[in-house]
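The primary structure of each chain is shown beneath.
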Amino acid sequence: MSEQANDAQTCVIIGASHAGVNLAFNLRIAGWAGDILLFDADPELPYHRPPLSKAYLASDDGLDSHRLKSADSYVQQQITLRLGVKVSKIDPDQKVITLNDDSVQSYDKLVLATGARPLIPPIPGLDAANNCFPLRTAADVENIREAITPAGGKNVVIIGGGYIGLETAASMKKLGANVTVLEREDRVLARVTAPVMSDFFTCLHKDNGVTIAIRKNVSAIESEGSTNLVRCADGSEYPADLIVVGVGIRVNTELAEAAGLKVHNGIQIDATMKTSTDDIYAIGDCTFHHNPHYDRWVRLESVQNAVDQAKVAAKAICGEVVVYDAIPWFWSDQYDVKLQMVGLSEGYDEVVVRHEIGEGHKFSAWYFKGDTLLAVDAVNNAKAYVIGTRFIKSGDLINKGKLADLGVGLKPATLG
Amino acid sequence: MPKITFITATGESIIAEGTSGSVMELAKQYNVSGIDGDCGGVCSCATCHVHVAPADFNKTGAASEIEADMLELDDNVIKFSRLCCQIEVSDAVDGVTLTVPG
Ligand SMILES: Cc1cc2nc3c(=O)[nH]c(=O)nc-3n(C[C@H](O)[C@H](O)[C@H](O)COP(=O)(O)OP(=O)(O)OC[C@H]3O[C@@H](n4cnc5c(N)ncnc54)[C@H](O)[C@@H]3O)c2cc1C
Ligand code: FES
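Going down the list, the protein sequences come from chains A and B.
Start counting the first sequence at 1; every next residue gets the next number (my numbering).
Start counting the second sequence at 417; every next residue gets the next number (my numbering).
Heads up, some of the hints might be wrong.
Said to hold, decoys possible - Footprint (simulated), chain B over chain A, 3 or more residues, beta carbon under 8 Å:
hint	stretch
1	63-73
2	133-141
3	237-250
4	329-338
In case anyone wonders, no lab produced these hints; they're calculated from the structure.
By construction, the Cβ of each residue, glycine as well, lies at the ideal position given by its N, Cα and C atoms.
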């Protein structure tokens, strides 16, 4: 903690999800002694988002086992949670924010952790469709669960074959629905993985009885009684009792833009998470930031990024000299398959694929640019994920020949 | 009700009682510092690392293969390391002591 006294200061955080909540608790660890106010439009005690399309969606559990922190923890750490309150404006000159009831709150330090919201594509008929929902919040899951209970025999159409779409497909299948995924590109996960991973997940879903249809541009939705017909540009059509829209996100940058903060594909921040305006920071899904390891500007949608940026911002706000320098990682769980990814694969020129002998769904894809390992996608193979992480961090060269040779064990010592 | 003792990196001792869920969830409920559980308990983040008291290791059992691999991400891994999201709260683990590595 620096000498500057902060016990009479107020830190206001907009957004109480992975980024905002972690920031609040890390501020206390970093020595912030002043007030901490955490605002979120969502009325729920903050919860983990990843289970919303995975375990939580496929169960009838309550949210309580998926809270980010217990209600007591906020009290204990003197963090004031203001849930169900939307922030409508920031005035960086007066250093106040305006809430949706027109009341104002002043701040000394402000953090935007506003994340993202689902992108709703302009498909004719989508607004009026029956049981058509995105999947980002606990309320979305409530809607989906209600529409799908009982699931047996119901037709579910998922628009978008990204991670959320595919995880939702697996969960809906588990509940007993007939599931179709409509993907506009010529493979699922096209934006984020190599074709070998797309092929694997396509087969996995087909083996589990989910229909994956590619090159499907949804052109209209017609509601018929309590159900719908989803029409595609190629003339195909799919009946749907429930439609889940998973075609990506829009970053919540409106507040920042209106306050004059620099925004470009997200709120621009420096290595300490500070925006272009003094005393205003931004963290998590809403940020556009520089990744030093890859020397690239990126916008990431992951728990890792939200948590790690929160930790850096907390220290920076308390006057410590820190910079954000993390290797991104991510996971996805579908059926009994666990995918773990580390690094950023964009720009790769070669993929080395390694299927471990005699172990069904256990393999890994190693993305290289020249001799440099950029990223690893590991399927049911935590060892590959961990070793990949180590090599990416250290920058040590991997011998690609040995990596591809199944006779050589997957160990750091043998791959160098 | 099964009781579990957590000892934090600063030496604070917290006795937690629960009936179900994972030991990570229990630790979060009691705000045990150092147990972050960032992935929500699906063995993907290794932020719920504990050292089981050697005498209690037969109660918790050893880490599974994927868990042991994930533990390798942490420099503080020892023979008695576990990711506590992978331990269920039950009578079987009543009375164990878990230390959060510093
Ligand atoms: C279904 C699903 C599955 C996912 N699975 C994974 C996974 O397996 N692994 C992984 O790493 N990541 C996963 N993610 C991504 C991960 O959840 C996000 O990266 C993470 O939630 C980002 O956290 P955040 O706090 O930056 O933003 P968000 O979680 O988007 O939270 C932003 C918060 O700000 C609030 N807010 C915004 N504007 C205002 C305002 N004006 N006033 C008040 N409140 C406001 C919103 O209500 C929201 O609660 C998944 C996401 C979803 C939706
Ligand atoms: S909570 Fe992530 S590995 Fe245990």
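Each hint, compared with the structure:
{"no.": "1", "hint": "63-73", "in the structure": "holds (count 7)"}
{"no.": "2", "hint": "133-141", "in the structure": "violated (count 0)"}
{"no.": "3", "hint": "237-250", "in the structure": "violated (count 0)"}
{"no.": "4", "hint": "329-338", "in the structure": "holds (count 3)"}
Checked against the numbered hints above, the structure breaks hints 2 and 3 and satisfies the rest.
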